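The whole structure should be built from the sequences, with the hints applied where relevant.
Going down the list, the protein sequences come from chains A and B. Converting from the first sequence to this note's numbering requires adding 784 to each position, the first position being numbered 1. Here this note's numbering is used: position 33 in the second sequence is 16, and no number is missing along the way.
Think of the hints as simulated: they come from the structure by calculation, not from any bench. Since this is a predicted model, take the numbers as computed values, not measurements. Yeah, the Cβ is synthetic: ideal placement off N, Cα and C, and Gly gets one too. You can take every hint at face value.
Derived Cβ-Cβ restraints for the label pairs, each shown as a range:
| # | chain 1 | residue 1 | chain 2 | residue 2 | range |
| --- | --- | --- | --- | --- | --- |
| 1 | B | H148 | A | T860 | 16 to 22 Å |
| 2 | B | I175 | A | M967 | 53 to 59 Å |
| 3 | A | S822 | B | G163 | 43 to 49 Å |
| 4 | B | G96 | A | G913 | 32 to 38 Å |
| 5 | A | K1004 | B | G163 | 51 to 57 Å |
| 6 | A | V814 | B | A11 | 49 to 55 Å |
| 7 | A | A970 | B | W7 | 43 to 49 Å |
Listed next, the in silico EDC-like pairs over lysine to aspartate or glutamate satisfying Cα-Cα at most 20 Å (straight line):
| # | chain 1 | residue 1 | chain 2 | residue 2 |
| --- | --- | --- | --- | --- |
| 8 | A | K861 | A | E808 |
| 9 | A | K1004 | A | E1028 |
| 10 | A | K929 | A | D916 |
| 11 | B | K228 | A | E901 |
| 12 | B | K228 | A | E900 |
| 13 | A | K1024 | A | E975 |
Chain A stretches covered by chain B per the calculated footprint, using a threshold of three residues with CB under 8 Å from any CB of chain B:
| # | region |
| --- | --- |
| 14 | 852 to 862 |
| 15 | 870 to 878 |
| 16 | 881 to 895 |
| 17 | 903 to 913 |
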Amino acid sequence: MSEASTSTGNGDAKQLLLAVNNIEVIYDHVILVLKGVSLEVPEGGIVALLGANGAGKTTTLKAVSNLLGAERGDVTKGNILYKGEEVQNLDPNQLVKRGVIQVMEGRHCFEHLTVEENLLTGAYTRRSGINDSLELVYSYFPRLKDRRTSLAGYISGGEQQMCAIGRALMSNPSTMLLDEPSMGLAPQLVEEIFERVKKLNEEQGVSILLAEQNTNMALKYAHYGYILESGRVVMDGDAKDLAENEDVKEFYLGISSEGRRSFRDVKHYKRRKRWLA
Amino acid sequence: MTAEASTAGEAGARSPLSGLTGKWWFWAAVIVAVFAIVGLDVWGLDEDAENHKAILSFLGDGLVGFLKAVTEPVALFWLKLGFAIETSMTGLLVGVLYSLVALGFVLIYKASGMFNYSQGVMVLFAALTFVGLTEYGIPVILALVMAVGVMILFAIVVEFLILRHLVNQEQIILFMATIGLAFFLEGFGDTIWGSNVKKIPLDLPSGAMDWLTIGDWNVQVQWLDISAAATGAVMVVALAVFFNKTRIGRALRAVADDHQAALSVGINLRTIWIIVWSVAGIVALFAGIVWGAPSGVQFSLSLIALKALPVLLIGGFESIPGAIVAGLIVGFGEKIAEVSWGDSLGGGIENWFAFMLAMVFLVIRPQGLFGEKIIERV
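Okay, structure coming up:
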């Protein structure tokens, strides 16, 4: 199954869920952040969006979920197709109704609401089946059930991340945009969160677009990966291939096999980064 | 030893006053002294006047005399128990109305982080609309429904023309927008309904109820106060239920907590803003009617918003229970203060007592009594 879904990019329209075509994003009419980003998420896939700070990962996700409007950002070129339909002009709530929901960076739980109220808020766009969803979320994250009456502001960081993911799950999504779920969490907890996300993907068929700085962890769970740099996609490929790639290893995983290297033969994207070595 | 000596040496070298200029109590003393000297000059002329007993006794008997002058009237006041209860009741009932006005502010502040300067004018406008409609011969109930409709329409227009264009702007810009809105609404209401004083055509029960008798004092409560307070109480309870038990109420609280996250889970901010402004408009309508009932609907009604400010400062800007409790405290407190110290300070305490109290709160507890618990964790 995962074998099939990783073979993207060959124009298999049936499997294609989300396609971002060459988008350009400008904030406040002047700040150019994305300079033509294209990516594809197949149905049932986990796609990782990797890159350093300020590369444009969050902006890409927000362009898809259209949270850009609230930050005075605008998609000025290109288009975004979800199930074949152009969605870049839809409001976030319409996107949520169509099954695209974002879990924002830094968790963003409603601090003065209880955990359960947080989850129920996630079902705002739905009228029925809410209790079943609640049980589903609790089955994936039993810790949330224990803390259901606590204010979300007082639970631990890991629990908040679970709460945020659970809240998104309450909208019964088909695609989840996860922004930096590992942020500020202990490695063990990160592993746990990723395990749950993978389980969600496999059991509930939720497709995942994941923005991560933790390249190692992201490539371990993703099927396919894109590497962003300065608002452009500089590399993409199957997660396995990316993890094996010498450049990725050196610049994103911190593993160098050859010791000191000459930069004379370095041709592409990393040239301006030579001071890192 | 050497350290001590050197400090002493330094202090000796400087002017003896220089150490004092940094002390707050020094300046307080200077100010009091200046006031005392000026005061003696002015008040010395009418030493017999009862009005300035407290100040004169402070100068005469020192601190003990001052404390006595402050506390004595309060004690005497409570000795007349019947009168005290009556005054307290009046104060509390007025307090409910303060709460009602303050609630309008809290609602909008919570949902959009906006301090709505135009809330006072909204009270006036809503009441004017209601009264104006009845003057055209529309039955009271229908006029009430229509006035509610007008306030909802107003909310939609405000969202369409103002709020949606100011997404993610600085708070001060939002504030300025509401100032503009206030002036517009004031003129608009004036143009449509005229500026003459209008009487509320409701047959609110008038007169006073004999409540109980203590000693030889018949405790009376005004029916008007009671019905106003009852309206306020119903309003407050309804709002509390709405906020805590309904889906929309939960969404409102979510928006108040985190706009971005609310947006991300599919809550439509525009809908929420319209709802909140409508609710604030309806609250304003009821506040306008109950405030306007005794003395008619007129421009001064928009100034009761000023009275809501200290209530907000004391209760906390984001707290609905805070607005209620603080309203009661202010209503109660200012009546007691007026009756106790009004004579010795020359009267009119009622007008500034609330602000004084708010000032004290600002110093001791800036977030207000029930201000949002600031949750900080990393």
